[in-house]
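One-letter residues, chain by chain:
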Amino acid sequence: SAVISQKPSRDICQRGTSLTIQCQVDSQVTMMFWYRQQPGQSLTLIATANQGSEATYESGFVIDKFPISRPNLTFSTLTVSNMSPEDSSIYLCSVSFSSGLGYTFGSGTRLTVV
Amino acid sequence: SQQGEEDPQALSIQEGENATMNCSYKTSINNLQWYRQNSGRGLVHLILIRSNEREKHSGRLRVTLDTSKKSSSLLITASRAADTASYFCATVLIQGAQKLVFGQGTRLTINP
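Protein chains in written order, with the working numbering: chain S, 1 to 114; chain H, 1 to 112.
To be clear, the hints were calculated from the coordinates, so they are not data collected in a lab. Careful: at least some of the hints might be erroneous.
Claimed, not checked - Partner residues are not named here, just some residues of chain H that face chain S (Cβ under 8 Å, in silico):
hint, residue
1, 61
2, 80
3, 97
4, 98
5, 101
6, 102
Everything numeric in this text was worked out from a predicted model, so none of it was measured. Even for Gly, the Cβ is constructed at its ideal location relative to N, Cα and C.
The shape of chain S in the complex, shown without the other chains:
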C-alpha cells in the first residue's frame, strides 16, 4: 500500500484567508481523492483529483471554493478558499492503486477557522 504525507497536520486560520493542503504519495497512484469530515460527521467526497486536467467535483462543491491541482501521479493539493468558520473540518487525501479496491488515507489536516 502507499504511504501518504499530508501537510499541514493542523492549522488555525483567519476567516477570509485561504489554506493549501498538500498530499504527497511515495509511489505513482491511479486515483487521488479529497474528502471533508465535519465535526462528528462522516467523510464526504469533495472531488477526484485528475492528473493533468481539472478535478471532478461532487455535488455541492465547486472549483472556486476548493481548487485542486494534480501535476503528476504522486502529488496533489487542495486549497480551501475564502474560509469561514463553517469550513472548520478535517480534510483527508486518499489514493487508490487498483480501481475500486485498495484505498489508503492520509492522516488528515485539522482546520479551524476563526
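Knowing the structure of chain S, use the given hints to seat chain H on it.
Using the frame of chain S, we list chain H on its own:
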C-alpha cells in the same frame, strides 16, 4: 451525498463482549469496505467484501454482505479497549468513477 446508513450510531459495550455494527446502502455496488478511525484522524482499512461474496473473516472481524437487502454487518468478537473508535462502511459503486462513498459511521466504546 452519503450512500450508506449505519446503525447504531453509537455503541457502548464491556470488554470481551462482541460488537455488531450494521450498514445499509442504496445502489448496486462493486464492493463494500469497512474502515476504522481513531480520534478523528486518518482511516485504517479493515476489510473488503466483494459483491459476489457473502462472508469474510479477518482475525476477530467478521463481515457479511446481503446484496438482496443492500446491507452489511461488521462483527468484532472478544472486544478490547483498543477497539474503541469510529467504524465506517464505504461502498464502491458498479457504475461511475471508482470512488468510495461513506456511511454515517458507528462510534464504538469498549469499557474496561
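Against the structure, the hints come out as follows:
With a cut of 8 Å, the hint placing residue 61 (chain H) at the interface with chain S is violated, because the nearest CB-to-CB distance is about 17 Å. Against a cut-off of 8 Å between C-beta atoms, the interface hint on residue 80 (chain H) is violated, since the closest Cβ of chain S lies about 23 Å away. The beta carbon of residue 97 (chain H) is positioned within 8 Å of a beta carbon in chain S (closest approach about 6 Å), and the interface hint is therefore held. A distance limit of 8 Å between C-beta atoms decides the matter here; for residue 98 (chain H) the minimum to chain S is near 4 Å, and the interface restraint holds.
A least Cβ separation of about 7 Å between residue 101 (chain H) and chain S falls short of the 8 Å threshold, and the interface hint therefore holds. Interface restraint check for residue 102 (chain H): the shortest CB-CB distance to chain S comes to about 5 Å, inside 8 Å, so the restraint holds.
Against the hints set out earlier in the document, violations occur for numbers 1 and 2.
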